[in-house]
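Student: Sequence order for the protein chains is D and A. Using the working numbering, the first residue of the first sequence is number 1, and each one after it goes up by one. Using the working numbering, the first residue of the second sequence is number 1, and each one after it goes up by one.
One or more of the hints may lead you astray.
[Unchecked claim] Away from chain D, derived, C-beta distances all over 10 angstroms, residues of chain A: (1) E28; (2) R166; (3) R172; (4) V177; (5) E252.
[Stated by the list, open to error] Derived CB-CB ranges, DEER-like: (6) A/L298 - D/A108: 30 to 40 angstroms; (7) D/A82 - A/G92: 32 to 42 angstroms; (8) A/E307 - D/L27: 51 to 61 angstroms; (9) D/V9 - A/D58: 54 to 64 angstroms; (10) D/E28 - A/R116: 46 to 56 angstroms; (11) A/Q78 - D/A108: 42 to 52 angstroms; (12) A/E300 - D/P121: 39 to 49 angstroms.
[Unchecked claim] Where chain A lies over chain D, by a calculated footprint (3+ residues, C-beta under 8 angstroms): (13) 41 to 47; (14) 178 to 184; (15) 195 to 207; (16) 298 to 309.
Simulated from the structure, these hints should not be mistaken for laboratory data. For glycine and all other residues, C-beta sits at the position ideal for the given N, C-alpha and C.
2 protein chains.
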Amino acid sequence: MVLTRGGLVEGVHRGRLVVCDASGAILEAAGDPEFPVYLRSSAKPFQAMPLVLSGAADALGLGEEELAVACASHNGEQEHLAAVRSLLRKAGLTEEALQSGVHPPLHAPVAEELARSGERPRPLHGNCSGKHAGMLAVCAHQGWDTGSYRELTHPLQRWVLEIVARMCGVERENIPVPRDGCGVPTFAVPLRGLAAGFARLATGRELPDRLAEASLRIREAMRSRPFMVAGTGRLDTALMQKTELVVKSGAEAVFAAGSPEGWGVALKISDGASRAVRPAAVAALGRLGAGVPGERGLSEVRNLHGEPVGRLIPLV
Amino acid sequence: MVLTRGGLVEGVHRGRLVVCDASGAILEAAGDPEFPVYLRSSAKPFQAMPLVLSGAADALGLGEEELAVACASHNGEQEHLAAVRSLLRKAGLTEEALQSGVHPPLHAPVAEELARSGERPRPLHGNCSGKHAGMLAVCAHQGWDTGSYRELTHPLQRWVLEIVARMCGVERENIPVPRDGCGVPTFAVPLRGLAAGFARLATGRELPDRLAEASLRIREAMRSRPFMVAGTGRLDTALMQKTELVVKSGAEAVFAAGSPEGWGVALKISDGASRAVRPAAVAALGRLGAGVPGERGLSEVRNLHGEPVGRLIPLV
């Protein structure tokens, strides 16, 4: 992927890409498919599965909006905050229980609006607050401690690790588990494992029955409420609105998508540049026959005056 | 340069580095020294030289603060806005003349403060407003049109192009000149030319007398008022406070510094990641014997809870 300005290349983004079926067989690869990648927020659909598997989703009467926001890296828009609050309320909790850390809302207009209102950002506004609310709801349902849910030794996190291992087809012992930006464990698996995991998430294939059922329910929630998973202007939302895919991006330029046709794709931009993810993903999906109407695998770069000054061009 | 999380590499930044003397001779290089780089804001000291060369600086009674802010990618802090306003006032102009485009102040606390106050960002708050004010002051002094100063055909921009060519030792005809983010021309020269340009800026060597004099005056203004050139928490300011160097970074991860000992260094992170510039530059300067007290060529990455999760490690 190159960034041009005038007639010259100003920047270069390298990356790796793997396409797998649900058995884990590689259909296409560029770069090393076995080198590990930290899943970051691409793990969120897996991290939300205990909501279904524990029975909490049914017992608490969670709707698709609440399940979708539990899988979200959301913009902090009003709809997102309402869904997170509702999820917490149904679990008998308040936003004070969230240990998701504080950052301004991802969507710049929302962040500006919040600053203008004089309100300080709280954990609720952070992009991971739905994931944390979902984790807390499972703890409340199971009668587990809600103060220590971020620890890897907590039964919830041990469960999530098992789910990630099973979904991605990797032995639990072989998954490095440091902390993510929001403080819960994150997971490294071979890029191939992430692609296979999304092929399974999208189809339920090659999974034990209960995990297959949870996969399809999470997939349906994300696909029915794509706005809840990200929000205005965001790639994951646009792709789920316009294609048959289930999609979840992560920090440091990770991207994963699964098709009901039985394949999953995982992409990692080596330098972690989020700007390269959209054109790279759109171009890759186009080659896979999952073309995205209205999205081009090429984006124009404009300056502060709106004048076109360059382009981001996928080379693979 | 690698970014680690837990025990694994999560990201990789590649780059090029050249060290030159004022004659343009290469003292050290990693990567291709001849491949062009867009100077972006690293050109600002050169773009400010017409203020000195035209006699405007003396005629308008500009102080070091005003010259330094004309070379700045500033944070939009109060001191910066005051210096830009003062520069415009001395030139008989107001901030309405600025065509530098609108973006929120670079320094997040200032941007938040501005949003909280209900004020909208104006061109004055943009990091390039000092450069634009300096360009306008030259136009006012010379009796040139102040409405079209962004055009490459304007006498000011033709002059700046000649200065960049002479400072960097490149034929004017060989310099691609598309627009920068703020709408004025930017320039591509071989990375070697940028390093040589900063060796000349720092010493006045290998330059015609008037350009040598202008170089040293600009250098002195930047070095006496390092806060004006960037601001709180910024690399250029810290390096000029702690070393003998004259330093100016640019967008897309360009970094240039010149030493009074007669060498200049230019660095470009290929993917444009600004987070890689500080550790790479500090490590490179350390190897060049211009070690920076209190700065390490290695930085810790912390999550939203302040917990250390990884490190940025320069490999060269």
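Student: Under a C-beta cut-off of less than 8 angstroms, do 3 or more residues of the region 298 to 309 of chain D approach chain A closely enough to confirm the stated coverage?
Tutor: Per the Cβ count (5), the hint holds.
Student: Between the region 195 to 207 of chain D and chain A, are there enough contacts, at least three residues with CB-CB distance under 8 angstroms, for the coverage claim to hold?
Tutor: Violated, because only 0 residues of the region 195 to 207 of chain D bring their Cβ atoms closer than 8 angstroms to Cβ atoms of chain A.
Student: Quick check for students: does the CB of A/V177 sit more than 10 angstroms from each CB in chain D?
Tutor: violated, 7 angstroms
Student: Compute the least Cβ-Cβ separation between A/R166 and chain D, then decide whether it is above 10 angstroms.
Tutor: holds, 21 angstroms
Student: CB of D/V9 to CB of A/D58, is that within 54 to 64 angstroms?
Tutor: violated, 42 angstroms
Student: Do the Cβ positions of A/E300 and D/P121 conform to the proposed distance bound of 39 to 49 angstroms?
Tutor: Since A/E300 and D/P121 have Cβ atoms about 23 angstroms apart, the given range 39 to 49 angstroms is violated.
Student: May I ask you to check that A/R172 keeps its beta-carbon over 10 angstroms from the closest beta-carbon of chain D?
Tutor: holds, 15 angstroms
Student: Can you let me know if the beta-carbon spacing of A/L298 and D/A108 is within 30 to 40 angstroms?
Tutor: Since the Cβ atoms of A/L298 and D/A108 sit about 31 angstroms apart, the hinted range of 30 to 40 angstroms holds.
Student: Would you check chain A against the region 178 to 184 of chain D, counting CB to CB pairs closer than 8 angstroms, and say if three or more residues qualify?
Tutor: Result for this restraint: holds, n = 6.
Student: Is it true that D/E28 and A/R116 lie within 46 to 56 angstroms of each other by Cβ?
Tutor: Roughly 50 angstroms apart at Cβ, these two residues keep to the hinted range, so it holds.
Student: The hint says 32 to 42 angstroms between D/A82 and A/G92; measuring C-beta to C-beta, is that right?
Tutor: violated, 54 angstroms
Student: Per the hint of 42 to 52 angstroms, is the separation of the Cβ atoms of A/Q78 and D/A108 within bounds?
Tutor: violated, 23 angstroms
Of the numbered hints given earlier, the model fails hints 4, 5, 7, 8, 9, 11, 12, 13, 15; all others are met.
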